[in-house]
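Undergrad: Whole structure, please, built from the sequences with the hints as guidance.
There are 2 protein chains.
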Amino acid sequence: MAAAQLTQAADAGAARTIVSVDVMGSDRGPGAVIAGVARYAAENDDVGFVLHGPKDTLDPLIARRKKLAGRCEVRHVEGVVTMDAKPSHVMRNGKGTSMWSAIESVREGKAGACVSCGNTGALMAVSMLRLRKLDGINRPAIACLWPSRNEGGFNIMLDVGADVRAEADDLLQYALMGTSYARNGLGLDRPRIGLLNVGTEEHKGRSELKVAHDLLGQMSDVGQYDYVGFVEGGDIPSARVDVIVTDGFTGNVALKTGEGTATLIRDFLKDAFEATPLSRIAALLALTSLRRLSARIDPRRVNGGVFLGLNGTVVKSHGSADATGIAAAIRLAATLAKSRFTERLAARVASAHLPGQDGAGDEGASGKRA
Amino acid sequence: MAAAQLTQAADAGAARTIVSVDVMGSDRGPGAVIAGVARYAAENDDVGFVLHGPKDTLDPLIARRKKLAGRCEVRHVEGVVTMDAKPSHVMRNGKGTSMWSAIESVREGKAGACVSCGNTGALMAVSMLRLRKLDGINRPAIACLWPSRNEGGFNIMLDVGADVRAEADDLLQYALMGTSYARNGLGLDRPRIGLLNVGTEEHKGRSELKVAHDLLGQMSDVGQYDYVGFVEGGDIPSARVDVIVTDGFTGNVALKTGEGTATLIRDFLKDAFEATPLSRIAALLALTSLRRLSARIDPRRVNGGVFLGLNGTVVKSHGSADATGIAAAIRLAATLAKSRFTERLAARVASAHLPGQDGAGDEGASGKRA
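Residue numbers (the numbering used here), protein chains in the order written: chain A, 106 to 475; chain B, 106 to 475.
Calculated from the structure, these hints are not laboratory results. Quantities reported herein were computed from a predicted structural model and do not represent experimental measurements. Treat the hints with care, as some may be off.
No copy is singled out in the list; a pair is fine if it fits within one copy or between any two copies.
[To be verified] In silico DSSO-like links for lysine-lysine, alpha-carbon gap of 27 Å or less:
| hint | residue 1 | residue 2 |
| --- | --- | --- |
| 1 | K171 | K238 |
| 2 | K238 | K160 |
| 3 | K315 | K215 |
| 4 | K200 | K215 |
| 5 | K191 | K315 |
| 6 | K238 | K375 |
| 7 | K191 | K309 |
| 8 | K172 | K191 |
| 9 | K215 | K238 |
| 10 | K309 | K238 |
| 11 | K171 | K191 |
| 12 | K200 | K309 |
| 13 | K315 | K160 |
TA: Shown next, in the form of structure tokens:
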């Protein structure tokens with residue numbers, strides 16, 4: 106269903122889909138990023154790229170990949186945002202970096218979406234500065250994909266780290282943005298939304314969650330989602346729900362805890378199969394099965410956190426992603442660019458008449474907003 | 106080292122170690138609880154039990170287990186706290202339930218620790234009401250064990266759900282209580298403490314975490330722990346740290362997310378080995394290896410959340426724990442009872458001169474405390 110939607114959207118748009126890529130932000134260096142671009146390019150002839158970084162670094166890397174011939178435009182920039190750079194510093198001094206330039210291509214309308222492996226805080230700060238928040242959005246969010254028991258294989262969780270706090274009305278906006286992402290990214294007509302809490306009973310949790318619980322229930326028809334109520338950490342990969350809404354602190358801890366647990370089990374599994382000569386033989390026989398498992402939980406398949414709530418689509422790849430992971434992030438960016446995701450998300454947020462946003466006086470009364 | 110400490114403590118105390126058990130709170134019924142008690146009793150001759158529930162239910166179950174002969178005292182109570190009971194209701198009306206009675210045995214000094222499979226909220230509420238908080242503790246916490254890459258195989262995390270909020274000074278108390286638990290439960294002389302956050306850089310996270318970060322650093326010598334700084338979700342099972350400190354909301358979500366991820370992978374692994382006739386044969390050969398893995402991540406091994414910060418030790422077992430899981434919770438309770446954990450914890454909290462606790466005026470100024 107997603108594919109059908111995307112084709113329509115692509116047909117409707119005359120121009121070729123262009124993805125903007127920050128080539129310099131990766132822990133593995135620019136070679137890994139270009140390898141990822143080439144891998145995605147090999148499976149999709151109809152997408153072009155704007156690549157950002159020093160011309161003398163990029164040109165030879167691109168020349169080596171036949172699939173990239175005639176499909177890349179290089180924007181020469183010397184600067185690189187380091188992994189430990191403070192977001193506020195990058196906002197003041199980041200012009201002339203590959204990250205800034207990659208976002209700029211989206212702002213100019215040159216590219217439909219942007220991918221960067223760089224520092225998340227800096228990427229969000231520059232994205233907010235240059236792309237600006239969508240009308241009606243208080244706090245943008247980062248949405249991630251999570252391997253799940255659902256038919257499509259993935260659930261969506263947001264916010265996983267854009268902001269360490271979220272009030273009840275932010276959580277409602279996350280539900281609306283998550284709905285839009287689930288429709289355009291996963292092809293779900295009416296996604297099921299759950300609100301992350303420490304129990305499923307109505308009296309549990311923090312006060313803002315109780316308010317959000319009521320809001321999400323009231324707005325489900327306007328927002329075109331089904332609200333399943335509170336969900337717990339164990340429900341994140343479940344088939345009870347498609348989109349899990351939470352604040353960026355909790356979401357970030359949950360995401361990294363899930364990844365850490367998966368890595369721990371993978372390593373323990375490896376230990377178990379290497380323990381004895383007999384178990385090493387068993388491992389050989391089990392190889393196909395283990396690969397089958399690996400494909401379902403491979404973190405590279407779910408690489409790509411999407412920034413939601415801005416005038417433009419930005420996809421954050423893991424800093425340590427390899428070519429497979431980077432190709433997955435570019436695929437996600439291209440899918441969203443083709444579906445004109447930003448416009449659709451903006452329309453959804455605008456269509457829902459959110460409490461507390463109907464007058465300037467009301468906005469003014471909310472002293473919490475930056 | 107833990108064993109040596111425990112033996113000394115046991116030698117020093119004249120009386121036999123007694124564990125109080127709420128037999129009626131389990132999802133699997135009283136038979137599973139008595140089976141767990143019997144399983145633990147089979148490996149430890151020096152521990153006795155006070156069992157709480159209806160005499161006509163308990164007596165036949167006990168009579169069937171030879172290992173329990175002469176080691177159990179039954180306290181007859183008719184009432185049972187249900188899984189969906191509101192904590193406030195149980196506090197008012199819970200007298201005469203097996204849960205209340207089990208805690209009462211600790212309060213009377215009859216038992217050194219208590220185990221219940223019942224409703225966590227109610228168990229904490231009744232524990233606070235009857236045992237009272239230790240002097241100097243604002244918020245009690247629940248500590249859990251987490252399978253880890255450390256030599257001992259476990260890390261400790263707290264709070265995993267006693268309270269949905271924690272201020273900076275609560276987090277410091279959690280560090281002190283976690284230190285005491287790591288010494289008495291895991292035999293670690295000077296545990297390494299990490300503070301859970303969304304990044305390891307000093308400027309990250311919520312404001313109370315920055316204050317707590319400074320506090321934990323300053324108090325490490327007084328508290329006899331090493332402070333490793335901020336840790337992320339992925340570090341929870343790591344060898345960088347022994348004790349992870351966080352608020353009860355985040356800790357509960359992380360715990361359930363970790364458990365949910367482990368269950369998801371276990372089920373995917375099962376699917377992978379059942380996919381084809383050949384993979385089913387491979388699974389047979391891999392059985393020993395898979396059991397080796399299973400033993401390391403078996404949630405039953407880590408069954409038992411310990412309530413810290415009360416005048417008495419209470420261990421919360423999973424509601425759905427089987428005999429193996431219940432035996433693990435009883436083993437933990439017995440270990441802590443033998444080490445006189447409550448007294449040691451109280452001494453540690455008292456030894457650290459905590460900011461904001463040196464005068465009644467200061468206490469009074471803190472309007473946040475219930």
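Undergrad: If the cut is 27 Å between Cα atoms, do K238 and K160 qualify within a copy, between copies, both or neither?
TA: Answer is neither: 31 Å inside a copy and 65 Å across each miss the 27 Å cutoff.
Undergrad: With 27 Å as the alpha-carbon cut-off, assign the pair K200 and K215 to within, between, both or neither.
TA: Classified as within; 18 Å inside a copy, 71 Å across copies.
Undergrad: If the cut is 27 Å between Cα atoms, do K309 and K238 qualify within a copy, between copies, both or neither?
TA: between (32 Å within a copy, 22 Å between copies)
Undergrad: Is it within, between, both or neither when you check K315 against K160 at 27 Å Cα-Cα?
TA: neither (53 Å within a copy, 41 Å between copies)
Undergrad: Please sort K191 with K309 into within, between, both or neither, judging by C-alpha distance up to 27 Å.
TA: between (37 Å within a copy, 10 Å between copies)
Undergrad: Reference check for the pair K315 and K215, CA-CA at most 27 Å: within, between, both, or neither?
TA: neither (43 Å within a copy, 41 Å between copies)
Undergrad: For K171 vs K191, is the C-alpha pair at or below 27 Å within one copy, between two copies, both, or neither?
TA: Answer is neither; intra-copy 38 Å and inter-copy 66 Å both fail.
Undergrad: Checking an output row: K172 and K191, CA cutoff 27 Å. Within, between, both or neither?
TA: Neither. Shortest intra-copy (36 Å) and inter-copy (63 Å) distances fail the 27 Å Cα cut-off.
Undergrad: Is it within a copy, between copies, both, or neither that the alpha carbon of K215 lies no farther than 27 Å from that of K238?
TA: within (19 Å within a copy, 62 Å between copies)
Undergrad: Tell me, please, which holds for K238 and K375 at an alpha-carbon limit of 27 Å: within, between, both or neither?
TA: Classified as neither; 45 Å inside a copy, 45 Å across copies.
Undergrad: At 27 Å max between alpha carbons, let me know whether K171 reaches K238 within a copy, between copies, both or neither.
TA: neither (38 Å within a copy, 70 Å between copies)
Undergrad: From the Cα coordinates, with 27 Å as the cut-off, is the pair K191 and K315 best called within, between, both, or neither?
TA: between (35 Å within a copy, 16 Å between copies)
Taken one by one, the earlier hints fail for this structure at numbers 1, 2, 3, 6, 8, 11, 13, listed in ascending order.
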